[in-house]
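**Student:** Given only the sequences and the hints, what does the whole structure look like? Please build it.
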Amino acid sequence: MSRTEVRICGLGGQGVVLAGQILGRAAVYMGKNAVQTQSYGAEARGSAAKSEVIISSDRILFPKIRSCDLMVAMSQSALDVYVHDVKEEGQLFVDSDLVTKLPPSMEVHKVAATRISRCELGSATFANVVMLGAFTRITRLVSSDAMEKAISESVAAKTKTVNHKAFQLGFVLRESH
Amino acid sequence: MSSAAQRKQFLRGIPFPFCAGCGGATVATVFLKAVDELGFKDLRSFVFCSGIGCASWIPSPHFKADSIHTTHGRSIPVATGVKLVRPDLNVVVFGGDGDVLGIGLSHLIHAARRNLDITVIMVNNMIYGMTGGQVAATTPLGTWTTTTPYGSYEPPLDAFRLLASAGASYVARWTTAHMAELTESLKTALTTKGFSFVEVVSQCPTAFGRRRGFKNVKEMLRWLKTQSIPIDDPEAASMPEQGETIAVGEFRRRTVIPTLTESIQQVTKRAGKQ
Amino acid sequence: MSKVLSPGTYFMQGNKALAEGAVAAGCRFFAGYPITPASEIAEHLAVRLPHVGGIMIQMEDEIASLASVIGASWAGTKSMTATSGPGFSLMQESIGYAFMTETPCVIVDVQRAGPSTGQATKGGQGDVMQARWGTHGDYASIVLSPNSVQEMYDLTIRAFNLAEEFRTPVILLSDEVTSHMREQITVPPADHVEIRTRTPPRVGEPYFGGTLVPPMPSVGEGFDVVVTGSTHNEVGLRFTADPTVHSALVTRLVGKIEVAAQSMMDCETFNLDGCDVGFISFGCTSRAVYEAVETLEEQGISAGFVRLRTIWPFPEKYVRELAEQARVVIVPEMNLKQIYYEVQRVVDGAARVVPVNQIGGGELVTPETLCHVAKEATDKL
Chain A
1 MSRTEVRICG LGGQGVVLAG QILGRAAVYM GKNAVQTQSY GAEARGSAAK
51 SEVIISSDRI LFPKIRSCDL MVAMSQSALD VYVHDVKEEG QLFVDSDLVT
101 KLPPSMEVHK VAATRISRCE LGSATFANVV MLGAFTRITR LVSSDAMEKA
151 ISESVAAKTK TVNHKAFQLG FVLRESH
Chain B
1 MSSAAQRKQF LRGIPFPFCA GCGGATVATV FLKAVDELGF KDLRSFVFCS
51 GIGCASWIPS PHFKADSIHT THGRSIPVAT GVKLVRPDLN VVVFGGDGDV
101 LGIGLSHLIH AARRNLDITV IMVNNMIYGM TGGQVAATTP LGTWTTTTPY
151 GSYEPPLDAF RLLASAGASY VARWTTAHMA ELTESLKTAL TTKGFSFVEV
201 VSQCPTAFGR RRGFKNVKEM LRWLKTQSIP IDDPEAASMP EQGETIAVGE
251 FRRRTVIPTL TESIQQVTKR AGKQ
Chain C
1 MSKVLSPGTY FMQGNKALAE GAVAAGCRFF AGYPITPASE IAEHLAVRLP
51 HVGGIMIQME DEIASLASVI GASWAGTKSM TATSGPGFSL MQESIGYAFM
101 TETPCVIVDV QRAGPSTGQA TKGGQGDVMQ ARWGTHGDYA SIVLSPNSVQ
151 EMYDLTIRAF NLAEEFRTPV ILLSDEVTSH MREQITVPPA DHVEIRTRTP
201 PRVGEPYFGG TLVPPMPSVG EGFDVVVTGS THNEVGLRFT ADPTVHSALV
251 TRLVGKIEVA AQSMMDCETF NLDGCDVGFI SFGCTSRAVY EAVETLEEQG
301 ISAGFVRLRT IWPFPEKYVR ELAEQARVVI VPEMNLKQIY YEVQRVVDGA
351 ARVVPVNQIG GGELVTPETL CHVAKEATDK L
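Read top to bottom, the protein sequences are chains A, B and C.
Just so it is clear: in the first sequence, position 95 is 95 by this note's numbering, and no numbers are missing.
Just so it is clear: in the second sequence, position 234 is 234 by this note's numbering, and no numbers are missing.
Just so it is clear: in the third sequence, position 37 is 37 by this note's numbering, and no numbers are missing.
Careful, some of the hints might be misleading.
As the list claims (entries may be wrong) - With a straight-line cut-off of 20 Å between C-alpha atoms, the simulated DMTMM-like cross-links for lysine to aspartate or glutamate are: (1) LYS187(B) with GLU37(B); (2) LYS64(A) with GLU205(C); (3) LYS337(C) with GLU363(C); (4) LYS64(A) with GLU294(C); (5) LYS165(A) with ASP145(A); (6) LYS64(B) with GLU221(C); (7) LYS64(B) with ASP224(C); (8) LYS32(A) with GLU291(C); (9) LYS256(C) with GLU291(C); (10) LYS41(B) with ASP224(C); (11) LYS101(A) with GLU120(A); (12) LYS64(A) with ASP224(C); (13) LYS218(B) with GLU235(B); (14) LYS3(C) with GLU107(A); (15) LYS273(B) with GLU205(C); (16) LYS193(B) with GLU262(B); (17) LYS269(B) with GLU43(C); (18) LYS64(B) with GLU205(C); (19) LYS64(B) with ASP266(C); (20) LYS273(B) with GLU250(B); (21) LYS64(A) with GLU363(C); (22) LYS187(B) with GLU244(B); (23) LYS8(B) with ASP224(C); (24) LYS41(B) with GLU43(C); (25) LYS64(B) with GLU37(B).
What the hints assert, rightly or not - Interface residues of chain C toward chain A, partial, derived using beta-carbon atoms under 8 Å: (26) ALA248; (27) PHE270; (28) GLY274; (29) GLU291.
Derived from the structure by calculation, the hints contain no laboratory data.
Ideal Cβ positions, reconstructed from N, Cα and C, are used throughout, including at glycine.
**Tutor:** Take a look at the structure:
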């Protein structure tokens, strides 16, 4: 199957839209087709937000995802709302401190993205990119080179260095269980 | 050259549509006198914007110049577009109190706040004249109008003080009974860098004067003159509540603040460095 | 940053591509007021227009935004505003003014779920009829509908070209999904893109009549231009009593768009020749049709589509062509039958017309739903 559907969800303010944008851009750098869409509430912070990325070697017709191959959940409420259409053989990536109630029969990767961002980088802001680091190493959906390039193109100039650091912190991470 | 002959250079020769005794004709004459005295030989460097209402017919289509007769209340934002694209042109807005202070009020305040380099001339006849004499935001309290048959029950709005506090560079209020002062004020307004506003309290014999019991235009003009007190008179402070005295005079901002065009030019420069 | 976007492939958001299309088309004045899901257009042009000597200003409301765009256009500059449903409603009076005064400008409406505040962050397609009939009086609209990030760029250029060529406001009707979607876009070299610009009149030539699309002067050029939204004659002077002046003016204004309607109708079509089932769609909904048609064909059901890239003037000839072949015409849209009735009028009994309507939550009609509807409809035949 050449089409991979990825959903990154969490709360408004956690940078899920940016994360999806980086992933989609990286796929395009690798010569694939990508479409990223998003959904969020009227509140700028705190409501459920999701960013969906479809990556395919073919032209992408329908831009929304219907059965999710890979889902990243940065909050428990987002996981609860969006987990229903993740494929049985799909994989789940969760922020291990913020998502504790997990579905019983699914491959789950726990990443302490928010904690690492706060402890290592002094702010929870970069948890999204820490998560992308872990996601990239485990899924091999896109290359880390393409992701690094996409990060440079997607984040504000003054946060480039710290975002690259966040990506590396996630990329070298051993999973916690 | 006689000023009357000179002013023919400024007009298309289409007769004004105003009622007999209307203050609109006076404002047109005084404005052209001011332009003439400033040394303009024609109106080629002017663009006039006006909305809907009797006063909007002062420039459009009578002045021999570019004129944009907009929808009701939107003359100032249209003027904003013109001035930002062509800062070299003199952009002047004419409008009535309904157009400028009623439906278009927020644009007036924002243009003053931005210090948009235009001149707004508001002909205040204290009534919606064209539509048959309905109450306006400027109607004196207690006035009988077609929509306040038992007397108006809202105090009027004081445009002068509003605009002075909103950021205008020059504000003046006169009446059609103050032709000399008005001429000088219009000359000041047209030569002021930044937002300038001139209110002319004016007679509408048809929709206002008649119903207030004025016998003729002369009596209305006399009333305008006798009701006027200097803006710095302590008595003038009670004006907005009553609307029966007319505080006349000028306000000049002493500190020079950049015009909107200048501010945008600064931004463009900053953008060029990035 | 360079003046115009250098040619190449980008991964870009729809709204940003629209803004870049405007810059490429020569837009040098933008006025707007913040509103979801259109704000990124203003934000991006605030960055970009100063680089090309243009001006972006945030006005006090949408009424002032379009009014200042009209002023800037008369001052000789290609101008645009962008908004969503509530702001589009506020702009309606000035849209009529721009039509009546033959002021070229582009108005972007990024549709969200209405009426009123509705679901402010969710997509919809409920402004189709407002885009056609929103202002009062008789008029004709040109309304374009993109369905990809690439078309956000391309159709913005087309919108400016049509506005300039026909001296009329052009509405670019996007939707939340297409505006916020990110995908690849290929920016062509500037010299591969056709850019049209209004022609000024010769001295003495009328600019409000005399020909179907008169030349357009600018203020400040010595023309002594008279512009008015009141009924006016060939030189712009108010004529509000004579019925023939009004009739001649409004008939010409509507006529200039009707006469050119055939050339303006722009549709993407597939398998019109031999299809059993046909789809008529526009904007984001058409992305589901692409996939549904593929699936149906795989399952042995011959399917085709007409995708309205121009919604108004309504592309009647394409719809008729589809209805001559297909026994069932399916009309999916994210509103309650706005285009369906228009299709029914044109099809006029030649085929069965089946509506598929979905509103709320910004959820797209899915290809699965469309396949299901198609099978059900063909079974009944």
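**Student:** Each hint should be assessed against the structure and marked as holding or not.
**Tutor:** Outcome of the hint check:
For the proposed pair LYS187(B) and GLU37(B), the alpha carbon gap of about 8 Å is at most 20 Å, so the pair holds. Only pairs whose Cα atoms come within 20 Å are accepted, and LYS64(A) paired with GLU205(C) is rejected, the gap being roughly 54 Å. For a cut-off of 20 Å, the pair hint linking LYS337(C) to GLU363(C) stands: about 16 Å separates their Cα positions. Taking the CA atoms of LYS64(A) and GLU294(C), the gap is about 17 Å. The hint holds against a cut of 20 Å.
Restraint check for LYS165(A) and ASP145(A): satisfied, since their Cα atoms lie roughly 14 Å apart, inside the 20 Å limit. Taken as a hint, the LYS64(B) and GLU221(C) pair is honoured in the structure, with Cα atoms around 13 Å apart against an allowance of 20 Å. A hinted pair counts as satisfied when its Cα atoms are at most 20 Å apart, and LYS64(B) with ASP224(C) qualifies at roughly 6 Å. With a C-alpha separation of about 19 Å, the suggested pair LYS32(A) and GLU291(C) falls inside the 20 Å cut-off, and the hint holds.
The straight-line distance between the Cα atoms of LYS256(C) and GLU291(C) is roughly 38 Å, outside the 20 Å bound, and the hint therefore fails. This hinted pair checks out: LYS41(B) and ASP224(C) have alpha carbons roughly 15 Å apart, not beyond 20 Å. Under the criterion of a C-alpha separation no larger than 20 Å, the hint pairing LYS101(A) with GLU120(A) is inconsistent with the structure, at around 26 Å. Restraint check: the Cα-Cα separation between LYS64(A) and ASP224(C) comes to about 54 Å, which exceeds 20 Å; the hinted pair is violated.
A C-alpha spacing of about 26 Å is found between LYS218(B) and GLU235(B), which places the hinted pair above 20 Å, so the restraint is violated. Our distance criterion of 20 Å between C-alpha atoms is broken by LYS3(C) and GLU107(A), whose separation comes to about 49 Å. Among the hinted pairs, LYS273(B) with GLU205(C) is inconsistent with the structure: their alpha-carbon atoms are about 44 Å apart, more than 20 Å. Taking the CA atoms of LYS193(B) and GLU262(B), the gap is about 11 Å. The hint holds against a cut of 20 Å.
A C-alpha spacing of about 18 Å is found between LYS269(B) and GLU43(C), which places the hinted pair at or below 20 Å, so the restraint holds. Among the hinted pairs, LYS64(B) with GLU205(C) is consistent with the structure: their alpha-carbon atoms are about 17 Å apart, no more than 20 Å. About 44 Å separates the Cα atoms of LYS64(B) and ASP266(C), which puts this hinted pair outside 20 Å; it is violated. Only pairs whose Cα atoms come within 20 Å are accepted, and LYS273(B) paired with GLU250(B) is rejected, the gap being roughly 41 Å.
At roughly 9 Å between alpha-carbon atoms, LYS64(A) and GLU363(C) fall within 20 Å of each other, so this suggested pair holds. At roughly 28 Å between alpha-carbon atoms, LYS187(B) and GLU244(B) are farther apart than 20 Å, so this suggested pair is violated. As the CA atoms of LYS8(B) and ASP224(C) are separated by approximately 15 Å, the hinted pair is consistent with the 20 Å bound. Of the supplied pair hints, the one linking LYS41(B) and GLU43(C) is violated, its CA atoms being roughly 44 Å apart against a limit of 20 Å.
Under the criterion of a C-alpha separation no larger than 20 Å, the hint pairing LYS64(B) with GLU37(B) is consistent with the structure, at around 17 Å. Because the closest C-beta pair between ALA248(C) and chain A is about 47 Å apart, greater than 8 Å, the hint is violated. Hint status for PHE270(C) relative to chain A: violated, with the closest Cβ pair at about 12 Å, above 8 Å. With 8 Å as the threshold, the beta carbon of GLY274(C) stays out of range of chain A, its nearest partner Cβ sitting at about 21 Å, so the hint is violated.
The restraint placing GLU291(C) at the interface with chain A holds, with a minimum CB-CB distance near 4 Å, inside the 8 Å limit.
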